[in-house]
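Colleague: In order, the protein sequence lines correspond to chains U and L.
This note's numbering numbers the first residue of the first sequence as 1 and each following residue consecutively.
This note's numbering numbers the first residue of the second sequence as 372 and each following residue consecutively.
Simulated from the structure, these hints should not be mistaken for lab results.
Owing to the predicted nature of the structure, the values given are computational and were not obtained by experimental measurement.
Heads up, some of the hints might be wrong.
[Said to hold, decoys possible] Derived CB-CB ranges, DEER-like:
#, chain 1, residue 1, chain 2, residue 2, range
1, U, Ser-91, L, Asn-507, 45 to 53 Å
2, L, Lys-554, U, Lys-276, 37 to 45 Å
3, L, Lys-554, U, Ile-370, 54 to 62 Å
4, U, Asn-99, L, Lys-374, 49 to 57 Å
5, U, Asp-74, L, Arg-453, 17 to 25 Å
6, L, Ala-573, U, Ile-370, 52 to 60 Å
7, L, Glu-583, U, Glu-113, 51 to 59 Å
8, U, Met-79, L, Asn-507, 37 to 45 Å
9, L, Asn-491, U, Asn-335, 54 to 62 Å
10, L, Asn-440, U, Phe-180, 50 to 58 Å
11, L, Glu-623, U, Asp-133, 47 to 55 Å
12, L, Asn-645, U, Arg-77, 29 to 37 Å
13, U, Arg-77, L, Asp-631, 37 to 45 Å
14, L, Asn-507, U, Glu-352, 37 to 45 Å
[As the list claims (entries may be wrong)] List time: in silico EDC-like cross-link candidates among lysine to aspartate or glutamate, alpha-carbon distance up to 16 Å:
#, chain 1, residue 1, chain 2, residue 2
15, U, Lys-78, L, Asp-452
16, U, Lys-276, L, Asp-643
17, U, Lys-276, L, Asp-450
18, U, Lys-317, L, Glu-635
19, U, Lys-71, L, Asp-452
20, U, Lys-367, U, Asp-329
21, L, Lys-647, U, Asp-277
22, L, Lys-617, L, Glu-627
23, U, Lys-265, L, Glu-676
24, L, Lys-699, L, Glu-737
[Unchecked claim] Over 12 Å on every C-beta distance to chain L, these chain U residues come out as not near it, computed from the model:
#, residue
25, Glu-18
26, Met-79
27, Tyr-110
28, Ala-181
29, Arg-196
30, Lys-235
31, Asn-339
32, Gly-357
33, Ser-360
34, Lys-367
Glycine residues also receive a C-beta, built at the ideal position from the N, C-alpha and C atoms.
The residues making up each chain are set out below.
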Amino acid sequence: MDAVGIILSNINDRTAPELTYDRTLASVHYGGKYRLIDFVLSSMVNSAVTEVAIVTKANYYSLMNHIGTGKEWDLSRKMGGIIVLPSYVYSGRNPMYNNRLEALMGIEKYLFECNEEYVILSDGDMVLNIDYDRVLKHHLQTGADITAVYQNTTIEDGVKATQTVFKLDEENRVTDIRIFAAPKDENVGLNTWFMRRTYLMNLVADAAAHGYTSFTREVLSPNLHEIKVIGYEYKGYFAYMDSVESYFAKNMELLCPEVREKLFKCPDRPIYTSIKDSPPTKYGNNAKIANSIIADGCIIEGTVENSILFRGVFVGKDTVVRNSIIMEDSVCGENSSLNYIVADKNVTLRNECMLSGQHSHPFYIKKGSIV
Amino acid sequence: MYKKKKKWLAMILAGGQGSRLKALTDNVAKPAVSFGGKYRIIDFTLSNCINSDIDTVGVLTQYQPLELNDYVGNGQPWDLDRTYGGVRLLPPYQGGVGGDWYKGTANAIYQNKNYIEQYNPDYILVLSGDHIYKMNYKIMLDYHIEKNAAATIAVIDVPLAEASRFGIMNSDENGKIYEFEEKPPNPKSTQASMGVYIFNTATLFHYLEIDEKNDNSDKDFGKNIIPLMLDSNEALYCYKYGGYWKDVGTIESLWEANMDLLGERPKINLVDPNWKVYSRHFPSFPQLILEGASISNSLITEGCEVAGQVNNSVLFGGVKVEPGAVIKDSVIMRDCVIKSGAVVNYTIMDEMTVVGAGAKVGAPCEDGNEISLIPRAKTIDENATINEQNQLQMKLQYE
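Working from the sequences, and respecting the hints, build out all of it.
Modeller: Structure representation (structure tokens):
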């Protein structure tokens with residue numbers, strides 16, 4: 001596919017401060033072995049995109065470490081491949097960007113030097129499995145200036161208004177963009193924009209000349225009558241996490257077979273992630289497991305129900321883990337009881353721990369904590 | 372072409388057919404046989420190399436090399452994709468003055484003299500690609516240098532009763548070998564050769580040249596080269612290895628080695644951050660343990676979906692165990708499906724086999740039965756019973 005992928009890794013970090021304390025939102029763990037960026041990255045690779053730039057600003061050690069040379073996504077290439085573009089990557093106006101537009105201004109030179117005809121501009125913090133080839137086809141058919149990917153869903157009551165919503169006319173042209181969604185709003189934008197590379201460069205140059213600071217508010221919204229922004233409806237599974245609560249809920253959705261089917265069983269569209277060379281998981285003599293997702297490298301001696309265990313988790317004897325998410329290399333000692341817990345990476349829960357959250361308020365334990 | 376000089380390199384003998392593994396090696400060479408949930412046998416040797424800081428490895432292939440070649444590839448999973456060195460697959464080839472199949476282990480090394488000379492190594496480590504063990508060859512090399520040996524052979528203590536199945540090294544108290552006996556009926560010691568040799572390069576080629584000219588030789592390290600060096604009064608030392616080592620040459624020993632991964636204190640520890648065993652990975656979802664599953668003392672790998680009962684077993688990636696199915700004392704390889712109500716007992720099942728609902732495969736281990744072996748990509752009918760007899764038929768049909 002003749003497109004370069006531009007992935008923004010920490011545009012939305014502020015929305016979930018607990019999870020992004022030590023990482024970008026794009027490198028937050030998900031689903032037992034993945035990180036959020038795997039989904040957009042794998043989608044791009046599966047659509048034969050061979051050049052991807054990840055734009056990042058700060059706190060990106062975990063992201064860099066995860067991506068490595070890009071081998072796992074087959075993006076360790078001599079021509080193209082993956083590149084991480086941190087702030088200060090070029091001398092420019094405002095290297096420490098605060099939003100999408102400033103981020104793009106910071107990589108103007110990169111955009112100029114690419115050879116691809118098109119750009120896929122996407123945030124790296126969503127869970128989806130999208131075929132960008134279809135987006136391209138749709139883009140050509142409609143003759144759009146910009147194709148904006150959305151999902152026809154309704155904003156639920158009580159969720160944070162961190163997503164944009166589109167108003168569409170009968171030809172699917174975007175006629176209005178609301179930056180702060182309200183409950184009952186439909187057609188949620190997936191922060192994925194498809195256009196010609198030169199078109200994006202012109203937009204960015206013009207915005208820079210006018211001193212604009214917002215891509216959606218100042219570049220697109222006021223000009224929707226001129227810029228032909230056409231919506232492309234994505235019908236697959238989509239999840240966006242902007243709080244510990246939604247993180248917990250969206251992870252737990254994976255226990256539902258239909259969700260797994262939609263996200264992971266698309267033919268020829270596997271989700272790639274970094275390889276840890278963990279051995280298979282070992283279940284002890286008294287292990288009791290039900291309805292759980294368990295990654296490799298775990299050692300389980302106790303009981304695990306309705307939970308997600310990441311790679312290298314240990315669950316000791318007589319310990320009961322229920323309705324919880326235990327991230328990489330965490331240790332749950334013996335004789336403990338855990339319910340509605342989100343334990344971040346490398347957490348040690350010593351023997352005889354009794355911890356519980358609530359369905360709507362999971363108890364979050366920070367990375368590296370010893371309880 | 373620039374070639375970096377290497378202190379040492381490893382040559383892995385991976386051309387063996389492994390006919391005693393029966394149907395498991397119909398399509399693949401023995402080193403490519405699956406083991407331990409996500410590994411191939413050769414992963415252990417390759418991981419030993421990289422963990423011992425050996426970055427130049429030749430893999431000598433001959434029998435059914437397609438899958439092995441695919442698997443080893445450019446060596447990336449073992450960090451052996453290098454600009455200088457790395458892994459190289461070495462099949463037999465046609466040369467200016469003839470060319471031939473590898474006639475024996477020694478001949479295989481001899482035919483790849485050019486490959487070895489490119490790196491001008493001081494020492495050559497000769498390994499087998501079909502043993503399960505975790506060994507630091509660096510310590511062995513230090514020992515070899517300290518003893519000023521011409522060759523060092525790693526040995527392991529075996530029970531006296533089994534010693535006559537191995538090549539036995541008889542040595543003095545300093546570890547200097549004075550006699551080598553291949554499968555002796557009355558062994559004098561219990562030091563069995565592990566098939567791990569370190570040679571000084573020049574010395575090795577001196578004796579390979581001599582052996583090559585001998586038409587009566589089997590061109591084998593154990594049978595020819597080692598005795599020849601002993602007869603020539605070379606300093607051969609044995610290096611005693613105390614860890615776990617297993618030749619998985621038979622169905623029984625392959626099953627045993629898989630079972631050695633289980634238990635509270637497994638004989639082979641795969642969970643060691645300082646000595647990882649690397650393998651080639653494929654994208655698959657983590658394992659899914661569903662409602663009604665019952666698992667004890669088992670290894671299960673990503674991509675599995677388990678809703679039935681699994682005891683004392685090793686499940687490879689992508690295996691599906693439907694509700695009510697029972698797997699006991701078995702090794703189930705990649706992408707097998709065990710349908711509901713089926714019972715699998717004391718069996719090694721090769722990849723992609725489907726066991727129909729209610730079928731019975733194998734007979735309990737406790738009653739002194741033999742291990743059942745189900746070849747690759749078979750379909751076992753609903754409610755069928757696979758016993759020793761029709762297992763034989765299956766094998767014939769397969770051939």
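Colleague: With a cut-off of 16 Å on the C-alpha distance, tell me whether U/Lys-317 and L/Glu-635 pass.
Modeller: holds (12 Å)
Colleague: Lying within 37 to 45 Å: is that true of the beta-carbon distance U/Met-79 to L/Asn-507?
Modeller: Distance hint for U/Met-79, L/Asn-507 holds at roughly 40 Å.
Colleague: Given the hint of 29 to 37 Å, check if L/Asn-645 and U/Arg-77 actually sit that far apart at their C-beta atoms.
Modeller: holds (32 Å)
Colleague: For the hint 45 to 53 Å, verify it against the beta carbon of U/Ser-91 and that of L/Asn-507.
Modeller: holds (49 Å)
Colleague: Check the hint pairing U/Lys-71 with L/Asp-452 against an upper bound of 16 Å on the C-alpha distance.
Modeller: Holds. U/Lys-71 to L/Asp-452 sits at ~12 Å (cutoff 16 Å).
Colleague: Measuring Cβ to Cβ, find out whether U/Lys-235 lies farther than 12 Å from everything in chain L.
Modeller: holds (21 Å)
Colleague: Keeping to a limit of 16 Å between CA atoms, is the pair of U/Lys-78 and L/Asp-452 held or broken?
Modeller: Within the cut-off at roughly 15 Å; holds.
Colleague: Can you confirm whether the C-alpha distance between U/Lys-367 and U/Asp-329 stays at or below 16 Å?
Modeller: holds (10 Å)
Colleague: Is it true that the C-beta distance of L/Lys-554 to U/Lys-276 lies inside 37 to 45 Å, as the hint says?
Modeller: With a Cβ separation near 42 Å, L/Lys-554 and U/Lys-276 satisfy 37 to 45 Å, so the hint holds.
Colleague: Please check whether the beta-carbon of U/Ala-181 is more than 12 Å away from every beta-carbon in chain L.
Modeller: Holds, because the least Cβ-Cβ distance between U/Ala-181 and chain L comes to about 31 Å, which exceeds 12 Å.
Colleague: When you check the alpha-carbon spacing of U/Lys-276 and L/Asp-450, does it fall within 16 Å?
Modeller: Holds, at about 13 Å.
Colleague: Is the Cβ of U/Asn-339 farther than 12 Å from every Cβ of chain L?
Modeller: At roughly 18 Å from the nearest Cβ of chain L, U/Asn-339 sits farther out than 12 Å, so the non-interface label holds.
Checked against the numbered hints above, the structure breaks none of them.
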